[in-house]
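J.: For reference, the chains in residue letters:
Protein chains: 2
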Amino acid sequence: MKPYVIGIDMGGTNTAFGIVDARGTVIASSSIKTGKHSKIEDYIDELHTEISRIIVANDAEGKINGIGIGAPNANYFTGVIEDGVNLPWPTPIPLADLISKKFGIPCLITNDANAAAIGEMTYGAARGLKDFIMITLGTGVGSGIVVNGQMVYGHDGFAGELGHVIMKRNNGRVCGCGRTGCLEAYCSATGVARTAREFLEIRDEDSLLREYDIENITSKDVYDCAVKGDKLALDIFNYTGTILGEALADFVTFSSPEAFVIFGGLTKSGDYIMNPIREAFDKNIMKVFKGKVKILISELKESDAAVLGASALGWEIKED
Amino acid sequence: MKPYVIGIDMGGTNTAFGIVDARGTVIASSSIKTGKHSKIEDYIDELHTEISRIIVANDAEGKINGIGIGAPNANYFTGVIEDGVNLPWPTPIPLADLISKKFGIPCLITNDANAAAIGEMTYGAARGLKDFIMITLGTGVGSGIVVNGQMVYGHDGFAGELGHVIMKRNNGRVCGCGRTGCLEAYCSATGVARTAREFLEIRDEDSLLREYDIENITSKDVYDCAVKGDKLALDIFNYTGTILGEALADFVTFSSPEAFVIFGGLTKSGDYIMNPIREAFDKNIMKVFKGKVKILISELKESDAAVLGASALGWEIKED
Chain A
54 MKPYVIGIDM GGTNTAFGIV DARGTVIASS SIKTGKHSKI EDYIDELHTE
104 ISRIIVANDA EGKINGIGIG APNANYFTGV IEDGVNLPWP TPIPLADLIS
154 KKFGIPCLIT NDANAAAIGE MTYGAARGLK DFIMITLGTG VGSGIVVNGQ
204 MVYGHDGFAG ELGHVIMKRN NGRVCGCGRT GCLEAYCSAT GVARTAREFL
254 EIRDEDSLLR EYDIENITSK DVYDCAVKGD KLALDIFNYT GTILGEALAD
304 FVTFSSPEAF VIFGGLTKSG DYIMNPIREA FDKNIMKVFK GKVKILISEL
354 KESDAAVLGA SALGWEIKED
Chain B
54 MKPYVIGIDM GGTNTAFGIV DARGTVIASS SIKTGKHSKI EDYIDELHTE
104 ISRIIVANDA EGKINGIGIG APNANYFTGV IEDGVNLPWP TPIPLADLIS
154 KKFGIPCLIT NDANAAAIGE MTYGAARGLK DFIMITLGTG VGSGIVVNGQ
204 MVYGHDGFAG ELGHVIMKRN NGRVCGCGRT GCLEAYCSAT GVARTAREFL
254 EIRDEDSLLR EYDIENITSK DVYDCAVKGD KLALDIFNYT GTILGEALAD
304 FVTFSSPEAF VIFGGLTKSG DYIMNPIREA FDKNIMKVFK GKVKILISEL
354 KESDAAVLGA SALGWEIKED
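Heads up: the sequence lines are chains A and B, in that order.
Per this note's numbering, the very first residue in the first sequence carries number 54; after that it's consecutive.
Per this note's numbering, the very first residue in the second sequence carries number 54; after that it's consecutive.
Quick caveat, the hints were computed from the structure, so don't treat them as lab data.
Everything numeric in this text was worked out from a predicted model, so none of it was measured.
You can trust all of the hints, since none of them are fake.
A pair holds if it fits inside one copy or across any two, identical chains being indistinguishable in the list.
Each computed DSSO-like pair below joins lysine-lysine, with the alpha-carbon atoms no more than 30 Å apart:
1. Lys221 x Lys347
2. Lys340 x Lys92
3. Lys354 x Lys116
4. Lys55 x Lys183
Given only the sequences and the hints, what does the whole structure look like? Please build it.
T.: Structure representation (structure tokens):
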């Protein structure tokens, strides 16, 4: 096996990439603007130029084992980005083929949350774990499920959409997926901001949050107020954490994991969010699983995590 | 590999067993009373005597590849029946060891719903499927999950307790597991009977069900009335099927299976229960999975299914 892999984190706005070694060190990284190119071929060209540049600069020519890409709606089995994503090009996009042909290096793709799970298993908090569930708390709620040491892709490559389990069957919030009451509508960073707006409208107590522009409130604002002891801000985290803890307790009945690994900006709110998660989890978990399941926080540096996670796919490629 | 396996279905009252060939034909079967023996050793002795008798009668000596047992709270990894079951002996019980020593034949055990899933995959509706979820509707709601052709056992052997996913977070029914609002409290045969009692108390319309002793009403009674067009009985099936369909839609987000296979007495109610399940499933499933997931009914004959399912474990044993 060659000593390096390339990880590419493809988002709607930016595409970050890096060269990673077997110990999970990002030895070089850079990024380009995804949206700059109206044609996918031009985007691939720029990506190739930039990645080739850092490969040469780091004396890594001929030493790349594989390229791994984390991208929205990316199907591991087909290598295709499917419909319904916020990218500047028409879908479906045969991304793995385009990349491996251009680079002359084998390429695997998967969605961001699965990439995060593989990264955590290869380099992070899930090293040595064979059964765990990755939960990513960002603009949405993503998940990657590992059973018996293997990623769960499902028959079509789209398993692990736990952000869209229904948590409120009556009068639930509208979700980006078109349904109502999904976990994601409550426990993403966006969900926290929605809860803040809802609480500020419905309740009439004083709160530091009332000094912010209500339409543009963020989960970071809620955190800043919680740190200052603001009761409403603390209630928002309790509400969010309770729903997430209840959801995790349900998820245990599925694959009985050793641990959940939580990743994303919301985890920076520390105990404000983690305590209510753990409390609701312990209160709601089935007796047979009690005390067996850890809730861990990701060990990957956030700025590197997406690239690291994607890069870990590059180790799955075996030489002929 | 030897040509036969033994399947043992161990329940609190009866233990059924049979010799099964590679095509899933039960070539001989019998049963003993589980509760008759106050010592586990005596139970194993009687089981050995009876099974040896049918082995000899069918000229199958030396031709048994392995013994598979489906039993409550049976742990596949350890071969042990864990605490909290309705059996006449103290737990934990090292069942696989006791059996394999007594018979001189390797033995694997798992819980009933997992055994059903393996049976369905080996001989039934799930032949050729690599990703499916078995749902058993009996006194409780059990489940067995297959991902990428492999049973999901989880890190401790207890994965697949989908009957205990919470479907009603507020004011839910008390469940046998000690919590409230579990799927099992609504969609088991017992759950259907509870719904019947609840509807009869709360609603005041006429119903054929009012002619039954309300305390002893069964899901079979509800079926009998539904066949006669009884509105209340039909509503009970609609209520039950809707909850189950909503649950199945959530389960898809986990492992994105090709199919669910539904097993158990309730499936005999046919379209009365299956139509509302399918309707709620289609209405609640996430768009990316729509139209991809089949809901199948078990193809195993109910009287044979438990023994067949258990027996399929016997094929997992490879000769040294």
